[in-house]
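J.: Each chain, letter by letter, is given below.
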Amino acid sequence: MSHPRSSTSQRFAQFKLVLLGESAVGKSSLVLRFVKDQFDDYRESTIGAAFLTQTIALDESTTVKFEIWDTAGQERYKSLAPMYYRNANCAVVVYDITQAASLDKAKAWVKELQRQANENIVIALAGNKLDLATAQPSKRAVETAEAEAYAREAGLLFFETSAKTAENVQQLFTAIARKLPLDQQGPRGLRQGAGGRGVDLKGGAAAQQQGCNC
Amino acid sequence: MSTRKDTNPKENTSDRHSDLLTVSEDYFPPLPPRSLPAPQLPTHLPARPPPLSHRASTASLAAKATTAISLPEGVYAQQQDGVSSGNASGNVTTAPSFSEGDAGSIRSIAPTVSTADGGEEGRENLEMMLSEILEEDREDGILAGLGTLRASALPRTTTEADDYSDLDLDSDSESVDSHSGDEEDAAPEEQRLHHFRSHRKHFFILSAAGKPVFSFHGNDSIVIPHLGAISAIISSFSTPSSSTTDNLQSFATPTTLFTVLSLPPLYLLATSTLPYETPYHLSAQLSLLHSQILSTITTPTLQSAFKNRFNFDLRRLIGGTEPILRSLCTHLPSSTSHLLSNALCILHLRASHRRIIHNMLIQYRAPSLLYGLILAPHKLVAVCRPKRHSLHPSDLQLLFNLLYNTPTFAEVGTEHWVPLCLPKFNDKGFLHVYVCFFTEGLACVLVSADKEAFYQLREMREKLVEGMKKAGLVSKGGHAGKDMIIKAGILEEKVKGYDNPVATWGVRHWVVKERGLVQITMPRCPGRMKKKRPKPEALSPGVDAGQITPDAGSSSTGSNAADNTDTEVDTSSRYTSIWRRLWTEVHTPPTSGVKGKIAFITIDSPSEALPESSSQAPQSISKQRQALLHVTQPYEIYAIGRKGVTRDQMIRAVREIVRWVKREEERVWVVGGATF
Ligand SMILES: Nc1nc2c(ncn2[C@@H]2O[C@H](COP(=O)(O)OP(=O)(O)O)[C@@H](O)[C@H]2O)c(=O)[nH]1
Ligand SMILES: [Mg+2]
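Listed in order, the protein sequences are those of chains A and B.
In terms of the UniProt record's numbering, the first sequence is residues 1 to 214.
In terms of the UniProt record's numbering, the second sequence is residues 1 to 676.
To be clear, the hints were calculated from the coordinates, so they are not data collected in a lab.
Warning: the hint list may mix true and false statements.
To be verified - Just a sample of chain B residues kept apart from chain A, beta carbon distances all over 12 angstroms, derived:
#1 Arg316
#2 Gly413
#3 Arg458
#4 Gly516
Said to hold, decoys possible - Cut-off 30 angstroms, straight-line C-alpha distance, at most; resulting in silico cross-link-like pairs (DSS-like, lysine-lysine):
#5 A:Lys78 x B:Lys469
#6 A:Lys65 x B:Lys307
#7 B:Lys463 x A:Lys105
#8 B:Lys387 x A:Lys65
#9 B:Lys307 x A:Lys164
#10 A:Lys65 x A:Lys139
#11 A:Lys105 x A:Lys139
#12 A:Lys36 x B:Lys463
#13 A:Lys179 x A:Lys65
#14 A:Lys179 x A:Lys36
#15 B:Lys469 x B:Lys387
As the list claims (entries may be wrong) - Derived DEER-like restraints, expressed as beta-carbon distance ranges:
#16 B:Asp220 x A:Glu60: 38 to 48 angstroms
#17 B:Ser198 x A:Glu153: 52 to 62 angstroms
#18 A:Thr144 x B:Gln363: 50 to 60 angstroms
No residue lacks a Cβ here, since even glycine has one placed at the ideal position from N, Cα and C.
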């Protein structure tokens, strides 16, 4: 599936990313912004999960491909979530800065990830719909400082984003890519059969073996 | 190869399982008995306006049309009702593909099955899945509102209903108003109420406690005041009935038909002011809505949600699927496929081309594949399936609605992995469906019982699409739209297939249903509209001068699939109302025409103009138009003539159509599909 660059000076890595968070906080919108640079005001709820890919250039010699699972966030799908984060290298946990309860949900997801997901998983917390608070400060229900403090404490990357205006969206994903272990093997225990596909670092053949705990 | 999960025995087990898995046939519901029952047609449908209180029996109304005929070797005709699903339950828990700890699996959500190795655990898992939701079980005061309701708040008929004719094809009227919540939200109360009541059709789903589950129109503040009335209607029917299947009741006021479908713990109510909609039609629509809910949460989940929680708010479980329910409400009343027993519409395709795709479906079949489907907008291109299992028309109807009537999946390049229950296949568990629109309008749908199968199905899709491109069946070009269609299919359909013969037969439009296969074929709708409803003056007055509209026949070979979808739905709704009228003629004694076999209707009033007639000069339409339904052993043929074409000529035309369909048999039907 992957066609890594053959040149030895080029690094190509592939990561699995999962988006989690309450329904309607803007997970799909963030992905749509990231992958297609579009925004849709009347987006319908995700049913099940959507799978997308996006490749970004970190620098001249490094290309990172994200395989993205955009989950639905509805309660009835809760039990299926482990399937999506089980082999993930990174996760974006999203809340809506105009809905205080959505941060609680996000915290619960972070907890679950830290307990159940890959040990080395890179987690980013995204407070979405920043544009709403920018336009109308009274709409903000979660203070930046509060969320930031929590993120620091929990060891998460943190951004306030707007899928609508694109603010901080690219930055969010780039920061994740930079934090991912490009030079070491990332995820553990991934198998082809399970669809796991961790860092696939060509040009550094040793890295292929290195991190494998098999 | 250890993962941190190894410390978690459940996960570990599931991994081991999924490595070993292949689909076990035992898991699936058995085939129904091999039989070809004569279609049993309802015999006592009320003519409109029907008597004030009509109690229809499900025996004749609810069950028949969608599964009128079973032909086990056919792909879609299989009848599977609750009975056979029930039989399957004993096997469900032993399905190897469902791991423990997976509340979404068939195994664990079958708490009603208590076999030694799965029942109890299943119950636990289900509780786990629902716990968060069930714990809260809040009382949100909806019931409090019920007392204040008056019967006069019935979701009554519209003011214009009396002079409305469903053949007034130039107006907006036939297409069922789609949901317009935003409008309603913004408008003042009075206006919203008026707007709410002005809809021609309403659909409500309520729980036994009278809690709203779904309403086609209106938001809570509009709907809740009506709930008392709705509950009253429903409960007036829910006296214990002699037979358990007698769960459909219907009555009519002079303008409005009410039909209730009681499927505890849910109650479904439809109202209609559309002419020629009978209790049968409303019940078929309601039953598909019910299936949609099951498709989201399965029967065991539905049952257990209300068990000991009379007041449970089901909206919390079906959240996010309202647009799907709404699109059913919007599209079913005008869907020819739905009207004709959810018959599957087949893409006209050269047999050798279909064979290539069928062969590839088998060749590239992923180990855990259950069903593989290639779909064009609202049409089946190819299917593969296990020898012993077929797909039920109503399950396919739900799938088509999901894929083509909602924008959720249609985006090219996004892949989807969706737990979905196909209720007629097995209402007790989820299947997992891989959906990918690999080019505009064309979808690859791969169904598995294994929730971990995503990557293998994805690989299968890659090979399939690559193969179809190599075979020249799908354009290799990178640009979207235009020629990115299964070329052979579309070309044949336009050039050879339908349009030219139709033009010479004096027939405006027709549909043929293969009754045994439960499949339909029809030409592209003539007089199709642009996306925006054309203004009267934009229509050429000469269009009906004996020629098919240029739009439908020639040029625009590569018109894009999405366009076709919109426009065909739009125009076909006008024809559907005529098909429905014919259907009602044939199924309602005393019937006109030859008994039970053929029915004619004449469409001649000014308001009964067909799409191509300009509304600017309705009076100038002097000649009548005939429409006919001919029921034969293998077929039902529906046809609308061009103006001035006589009944004799129509009968001759129908013979031509039948001859054509027989000649094209291999291209218009899919018999069996690819099996493995
Ligand atoms: N104003 C604003 N609205 C947004 C933003 N992101 C998403 N939305 C809207 O929020 C709703 C839910 O978004 P969606 O992406 O479907 O949320 P999901 O359920 O988490 O995937 C949609 O109506 C979006 O248009 C944002 O950054 N700003
Ligand atoms: Mg979403």
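J.: Decide, hint by hint, whether the structure agrees.
T.: Hint check results:
1. Non-interface status of B:Arg316 relative to chain A is broken: a Cβ of that chain comes within 12 angstroms, the nearest being about 7 angstroms off.
2. With a least CB separation of 7 angstroms from chain A, B:Gly413 falls inside the 12 angstroms interface cut-off, contrary to its annotation.
3. The claim that B:Arg458 lies off the interface is violated: its Cβ sits roughly 8 angstroms from the closest Cβ of chain A, which falls inside the 12 angstroms cut-off.
4. Under the 12 angstroms C-beta cut-off, the non-interface status given to B:Gly516 relative to chain A holds; the minimum distance is some 33 angstroms.
5. With a CA separation close to 38 angstroms, the supplied pair A:Lys78 and B:Lys469 exceeds the 30 angstroms bound.
6. With a C-alpha separation of about 47 angstroms, the suggested pairing of A:Lys65 with B:Lys307 is violated against the 30 angstroms cut-off.
7. Annotation: proposed proximity of B:Lys463 to A:Lys105 is violated, straight-line Cα distance about 40 angstroms (limit 30 angstroms).
8. The hinted pair formed by B:Lys387 and A:Lys65 fails the criterion: a straight-line CA distance of about 40 angstroms is larger than 30 angstroms.
9. Our distance criterion of 30 angstroms between C-alpha atoms is broken by B:Lys307 and A:Lys164, whose separation comes to about 42 angstroms.
10. For the suggested pair A:Lys65 and A:Lys139, the alpha carbons sit about 36 angstroms apart, so the restraint of at most 30 angstroms is broken.
11. For the hint pairing A:Lys105 with A:Lys139, the CA-to-CA distance comes to about 19 angstroms; that is within 30 angstroms, so the pair holds.
12. A hinted pair counts as satisfied when its Cα atoms are at most 30 angstroms apart, and A:Lys36 with B:Lys463 qualifies at roughly 25 angstroms.
13. Between A:Lys179 and A:Lys65 the CA atoms are separated by roughly 14 angstroms; this keeps the pair inside 30 angstroms, and the hint holds.
14. For the hint pairing A:Lys179 with A:Lys36, the CA-to-CA distance comes to about 23 angstroms; that is within 30 angstroms, so the pair holds.
15. For the given pair, B:Lys469 sits about 27 angstroms from B:Lys387 by alpha-carbon distance, which is consistent with the 30 angstroms threshold.
16. Look at B:Asp220 against A:Glu60: about 56 angstroms separates their beta carbons, and that is not inside 38 to 48 angstroms.
17. Checked against the given bound of 52 to 62 angstroms, the beta carbons of B:Ser198 and A:Glu153, roughly 55 angstroms apart, stay inside it.
18. Between A:Thr144 and B:Gln363 the beta carbons are some 56 angstroms apart, a value that agrees with the proposed interval 50 to 60 angstroms.
Checked against the numbered hints given earlier, the structure breaks hints 1, 2, 3, 5, 6, 7, 8, 9, 10 and 16 and satisfies all the rest.
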